[in-house]
Amino acid sequence: MYVAVKGGEAAIAGSLDLLADKRRGDRTVPEISLAQIDGQLTLAVDRVMTEGSCYDRELAALAVKQARGDLVEAIFLLRAYRTTLPRFGASVPIDTGQMIVERRISATFKDVPGGQSLGPSFDYTHRLLDFSLAVEADRPAAPVDPDATAQPMAHVGAILEREGILEAPPAAREPGDLTREPLDLPADRSVRLQNLARGDEGFLLALGYSTQRGYGNNHPFVGEIRHGPVPVSFIPEELGFAIEIAEIDVTECDMVNQFAGSRDVPPQFTRGYGLAFGHAERKAMSMALVDRALRARELAESATSPAQDEEFVLSHSDNVEASGFVQHLKLPHYVDFQSELVVVRALRAEVESRAAPPALDRAAE
Amino acid sequence: MSGSSNDQSTFDGGYNYAYLDEQTKRMIRRAILKAVAIPGYQVPFGGREMPLPYGWGTGGIQVTAAIVGRDDTLKVIDQGADDTTNAVSIRRFFARVADVATTTRTADATIVQTRHRVPETSLREGQILVFQVPIPEPLRTLEPREVETRTLHALAEYGVMQVSLYESVARHGRIAKSYNYPVLVDGRYMMSPSPIPKFDNPKLDRSPALQIYGAGREKRIYAVPPYTSVKSLDFDDHPFEIERWTGCCALCGSSESFLDEMIVDDAGSRLFVCSDTDYCGSRTAATEPAS
Amino acid sequence: MSVALLGDVGTGFDDPTHDSQRTFRAVLNAFAHPGRIGDLERTPNPAGPLCGASAAILLTLADGDAPVWLAPSFDQPAVRDFIRFHTGAEIVARREDAAIAVLSETDAGYLAGFPIGTDTYPDRSATLLIQVPSLDGSAPRTWRGPGIDGRIEVSVPGVPESFWDNRRADRESFPCGLDIVFATASRILAFPRGVAVDS
Numbered sequence: 166m167y168v169a170v171k172g173g174e175a176a177i178a179g180s181l182d183l184l185a186d187k188r189r190g191d192r193t194v195p196e197i198s199l200a201q202i203d204g205q206l207t208l209a210v211d212r213v214m215t216e217g218s219c220y221d222r223e224l225a226a227l228a229v230k231q232a233r234g235d236l237v238e239a240i241f242l243l244r245a246y247r248t249t250l251p252r253f254g255a256s257v258p259i260d261t262g263q264m265i266v267e268r269r270i271s272a273t274f275k276d277v278p279g280g281q282s283l284g285p286s287f288d289y290t291h292r293l294l295d296f297s298l299a300v301e302a303d304r305p306a307a308p309v310d311p312d313a314t315a316q317p318m319a320h321v322g323a324i325l326e327r328e329g330i331l332e333a334p335p336a337a338r339e340p341g342d343l344t345r346e347p348l349d350l351p352a353d354r355s356v357r358l359q360n361l362a363r364g365d366e367g368f369l370l371a372l373g374y375s376t377q378r379g380y381g382n383n384h385p386f387v388g389e390i391r392h393g394p395v396p397v398s399f400i401p402e403e404l405g406f407a408i409e410i411a412e413i414d415v416t417e418c419d420m421v422n423q424f425a426g427s428r429d430v431p432p433q434f435t436r437g438y439g440l441a442f443g444h445a446e447r448k449a450m451s452m453a454l455v456d457r458a459l460r461a462r463e464l465a466e467s468a469t470s471p472a473q474d475e476e477f478v479l480s481h482s483d484n485v486e487a488s489g490f491v492q493h494l495k496l497p498h499y500v501d502f503q504s505e506l507v508v509v510r511a512l513r514a515e516v517e518s519r520a521a522p523p524a525l526d527r528a529a530e
Numbered sequence: 005m006s007g008s009s010n011d012q013s014t015f016d017g018g019y020n021y022a023y024l025d026e027q028t029k030r031m032i033r034r035a036i037l038k039a040v041a042i043p044g045y046q047v048p049f050g051g052r053e054m055p056l057p058y059g060w061g062t063g064g065i066q067v068t069a070a071i072v073g074r075d076d077t078l079k080v081i082d083q084g085a086d087d088t089t090n091a092v093s094i095r096r097f098f099a100r101v102a103d104v105a106t107t108t109r110t111a112d113a114t115i116v117q118t119r120h121r122v123p124e125t126s127l128r129e130g131q132i133l134v135f136q137v138p139i140p141e142p143l144r145t146l147e148p149r150e151v152e153t154r155t156l157h158a159l160a161e162y163g164v165m166q167v168s169l170y171e172s173v174a175r176h177g178r179i180a181k182s183y184n185y186p187v188l189v190d191g192r193y194m195m196s197p198s199p200i201p202k203f204d205n206p207k208l209d210r211s212p213a214l215q216i217y218g219a220g221r222e223k224r225i226y227a228v229p230p231y232t233s234v235k236s237l238d239f240d241d242h243p244f245e246i247e248r249w250t251g252c253c254a255l256c257g258s259s260e261s262f263l264d265e266m267i268v269d270d271a272g273s274r275l276f277v278c279s280d281t282d283y284c285g286s287r288t289a290a291t292e293p294a295s
Numbered sequence: 036m037s038v039a040l041l042g043d044v045g046t047g048f049d050d051p052t053h054d055s056q057r058t059f060r061a062v063l064n065a066f067a068h069p070g071r072i073g074d075l076e077r078t079p080n081p082a083g084p085l086c087g088a089s090a091a092i093l094l095t096l097a098d099g100d101a102p103v104w105l106a107p108s109f110d111q112p113a114v115r116d117f118i119r120f121h122t123g124a125e126i127v128a129r130r131e132d133a134a135i136a137v138l139s140e141t142d143a144g145y146l147a148g149f150p151i152g153t154d155t156y157p158d159r160s161a162t163l164l165i166q167v168p169s170l171d172g173s174a175p176r177t178w179r180g181p182g183i184d185g186r187i188e189v190s191v192p193g194v195p196e197s198f199w200d201n202r203r204a205d206r207e208s209f210p211c212g213l214d215i216v217f218a219t220a221s222r223i224l225a226f227p228r229g230v231a232v233d234s
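Chains as they are written, first to last, in the working numbering: chain A, 166 to 530; chain B, 5 to 295; chain C, 36 to 234.
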C-alpha cells in the first residue's frame with residue numbers, strides 16, 4: 166500500500182545543518198573573519214551595502230560570510246535585517262562637494278580645477294593573474310603623495326552650470342521612500358533613483374549598455390566620477406540644528422548627456438545621476454545611464470527602448486524580488502500541474518478521437 | 005536532528021510579536037480593512053522585506069502576521085498538505101515569532117494560510133483563509149502594464165479576458181484554463197483567486213469564511229468578505245466546470261476531493277491520492293478499526 | 036513631543052501589542068459582517084468625550100501615516116492630547132486630509148468633503164468613527180451586500196434621516212465611498228461602502 170511522504174520538518178533541519186557545515190568548509194583552513202571580508206573583499210561588502218540599502222560594513226561582511234559569498238543572498242540578508250530597524254528620521258542630504266576625494270576623474274575636460282586623481286583603480290591594471298597574490302606575503306603600503314591636499318573640490322558640473330549649458334540639478338524636495346510606500350507610476354525621480362540605487366548591478370549594467378548600443382542612446386559623457394568619504398548629518402528634533410553622526414564612503418557619477426533642445430529651450434546638456442555606497446563605479450555609471458534614459462518622457466524624447474520604459478525597469482531591477490520569484494519555481498507546484506494534466510489529457514483525447522477514422526467507414530471499405 | 009543549533013521552531017521573544025513592528029502592522033491592517041470594504045479590489049500596501057524569499061509566501065505571511073494573536077490556532081498548507089517543506093517552514097516561522105498554537109486540522113484552525121489550495125473541509129464563519137499570491141493581477145498575462153490594468157479595473161472593462169477565454173474555446177472547444185482561473189467578485193472586480201486549481205473556485209463563492217489574499221513582491225492585498233458572490237468566468241454555451249477524476253483516492257477512497265497523481269515505479273504506474281492531507285487523514289482514521 | 040505640555044492624556048492599552056491585535060480582529064470581523072454587533076473586550080480609558088470603542092479603534096489604526104479629523108464636538112484639548120500622545124497621529128483641520136474621522140451621531144447628516152477615493156484608487160478613502168449612544172432600540176433597517184448572508188436588520192438610534200438618504204445616493208459612487216464604524220462604549224458595528232440599505 167502507498168504511504169504518503171512525510172517528514173518535511175526533519176528534512177529542513179537536516180538541510181540547515183548541511184548548509185552550516187558547507188559554509189565552514191575545510192576545517193584545516195582557518196575560518197574567515199569579518200575583518201578579513203571587510204578589509205580584503207571590500208568591494209563585495211560595498212555592493213551588499215548599496216543594494217542592501219544599509220550602510221554597515223560589519224553587518225554586510227557578516228551577510229557575505231553567512232551567504233557563503235553569494236552576494237545576492239547577502240543583499241537579501243541585509244535587507245531583511247534592515248527592515249526590522251527602528252527609524253529615527255531622515256538625515257540631511259549628503260553634500261558630495263564636501264568629499265575628500267580618493268579618486269576623481271572627468272572625461273569631459275583634459276584638466277579640471279583640483280585635477281584628475283586616479284586613486285585606487287582597476288582601470289589601468291593589465292588583467293594578468295598576479296601569481297604573487299597566491300601566497301601570503303608582506304605587502305608594502307602605497308607611498309603617500311606629498312602634494313595631496315585633503316580639500317573638498319568643486320564639482321565639474323557646477324562650472325558648466327554657471328555657463329547655462331548644463332541643466333541645474335532639480336530643486337530639493339521631500340523624497341519618496343520605496344521601502345515604506347508601494348511603487349506608484351509614473352514615479353517621482355527621487356523614487357526612481359532610490360529604486361536604481363537598490364537595483365541589481367548586473368541588470369543596470371546591461372540596460373546602461375543597451376543605451377550605448379542604440380536602444381535609447383543619450384550620448385553620454387562622464388562629467389565626473391568621484392569617490393571618497395562624506396559626512397552624514399542629522400537634525401534631532403530636540404536640538405533643532407544639524408550634528409554630524411557618521412562618515413560614509415560613496416561613489417558618485419555625474420553623467421552629462423546631449424540634448425537637442427526644443428522650440429522653447431536652446432540646446433543644452435542634461436544629466437544622469439548615479440550614487441552608490443563604497444567604491445562602485447560600474448554601478449554608479451550604469452545607474453546614471455539608466456536614470457537619464459528614464460527621463461526620456463520628461464525631456465520629450467521618444468521612449469521606445471527597454472531602458473526608457475519606466476514600468477519595465479523599475480519593476481524588474483530589484484534582485485531580491487527577482488531572485489525570490491525565479492527561485493520560487495523550485496517550490497512544489499504539483500497541484501497546478503495536476504490540474505494542467507487533466508486539461509491537456511482531455512484535449513489530447515479529443516484530438517485523437519477526431520483523428521481516428523470512424524469505425525463504420527472502415528467496415529464499409 | 006533534535007538539539008540542532010538550527011532549531012527554528014520554539015518561541016523567540018527577541019523579535020517583535022509576529023515579527024512586524026507595530027507601525028507596519030497598522031499599515032497592513034488599514035489596507036486589509038479597505039480590501040474587505042472593496043471586495044476583489046487590489047489595495048497597494050507598503051510591503052516589507054521579510055526574512056523569507058519573495059515568491060515563497062511573503063504576502064500571506066505579512067497578512068497573517070498583521071492579524072494573528074495569541075488566541076489563534078494557525079494551520080499552514082502548501083499544495084493542500086501540512087507537511088510540505090514550505091508549509092513547515094512558514095509554520096515554524098510563526099511558532100518562533102508569534103507564540104501561536106498550530107494545528108493540521110482544518111476544523112480547529114482560526115487562520116488557515118494556504119498556497120495553491122482551498123481545504124476540502126468546508127470552512128465556517130469566523131475562520132480566515134489567507135492566500136499566498138504570486139501575481140495578484142488577473143489581467144497581467146494579457147496586459148503586462150500596471151498603469152493599463154489599473155485603468156481597466158476602474159472602468160470594469162474586462163473584455164480582454166472574455167476575448168482570451170473565447171479564443172481558448174475557439175481553439176480547443178473548451179476553456180482550457182486549469183488553475184488561477186479568473187473570477188468576478190460581487191459582480192464588480194475581476195480577481196485572481198491565486199493559483200488554486202479551478203476545482204477550488206466553487207468553494208470561494210458565498211463562503212462563510214473571510215478570504216484575504218496577500219501578494220508580497222507585488223505589494224497588494226485583496227479580500228472577499230463572507231457570503232460574497234465569486235463567479236468563475238464562463239459562457240452560456242461553455243459553462244464553467246471543474247476537474248474530474250475517473251478513480252478515487254488510494255488511501256481514503258474519496259471521489260469528491262482533488263487528487264494528486266503519484267508515479268510509483270519506473271514503469272510509470274500511477275496512483276491517485278487526496279491533495280488535502282488533513283481531509284484524507286481524518287477519513288482514513290474514521291474508517292480504520294481501533295488497534 | 037514634550038509630555039509636560041500635555042494635560043490629562045487618559046490611559047491607553049494595558050498591552051498595546053496584544054490589545055490592538057484583539058481590537059483589530061474585532062474591527063475586521065465587523066467589516067466582514069456588516070450590521071453585526073461586535074464587542075471589544077479591552078478598551079482604553081480616554082479623557083474627554085471619546086468613547087471606549089472609538090478610542091480603542093484610534094489606538095489600533097491611527098498613527099503618523101493616518102491623520103485624524105475631529106468633529107467640533109470632539110475637537111478639544113483632552114481628545115487631541117489623547118490621540119497625539121498615544122498614537123502620534125496628526126490632527127488635521129480639513130476633512131479632505133483625514134484618513135480617520137471621529138464624529139457623533141448628530142454629525143452624521145453631513146459627510147461631504149471626506150476623501151472617498153478615486154476610480155483607480157478607491158482605497159484612498161476615509162474611515163469614519165461615528166459615536167452613538169447605543170446600537171439598539173430604533174426602528175431597524177434592512178441591509179444587504181458583501182458580508183451579509185441575505186439580509187440583516189440593523190438599528191442605529193439617533194442618526195438623522197438625511198444620513199440614510201445620503202448613504203443611498205453615495206452607494207452609486209461605488210467602488211468609491213466612505214467606510215463607517217458605529218461605536219459605543221464597548222460595542223462596534225461596521226457599515227462599509229458596499230452595503231445597500233433598503234428604503
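Read the hints as simulated data drawn from the structure, not as lab findings.
Ideal Cβ placement from N, Cα and C applies to all residues, glycine included.
Errors might be hidden in some of the hints.
Rough simulated footprint, nothing fancy, chain C against chain B, three-plus residues with beta-carbon under 8 Å [said to hold, decoys possible]:
id: 1; region: 41–49
id: 2; region: 151–161
id: 3; region: 229–235
id: 4; region: 238–246
id: 5; region: 270–279
Heads up, incomplete: computed chain A residues facing chain B, CB under 7 Å, no partners named [as the list claims (entries may be wrong)]:
id: 6; residue: Glu174
id: 7; residue: Ile259
id: 8; residue: Glu476
id: 9; residue: Glu486
id: 10; residue: Leu496
id: 11; residue: Tyr499
Tested hints:
{"no.": "1", "hint": "41–49", "in the structure": "holds (count 6)"}
{"no.": "2", "hint": "151–161", "in the structure": "holds (count 5)"}
{"no.": "3", "hint": "229–235", "in the structure": "holds (count 4)"}
{"no.": "4", "hint": "238–246", "in the structure": "violated (count 0)"}
{"no.": "5", "hint": "270–279", "in the structure": "violated (count 0)"}
{"no.": "6", "hint": "Glu174", "in the structure": "holds, 5 Å"}
{"no.": "7", "hint": "Ile259", "in the structure": "violated, 24 Å"}
{"no.": "8", "hint": "Glu476", "in the structure": "holds, 6 Å"}
{"no.": "9", "hint": "Glu486", "in the structure": "holds, 5 Å"}
{"no.": "10", "hint": "Leu496", "in the structure": "holds, 5 Å"}
{"no.": "11", "hint": "Tyr499", "in the structure": "holds, 6 Å"}
Against the hints set out earlier in the document, violations occur for numbers 4, 5, 7.
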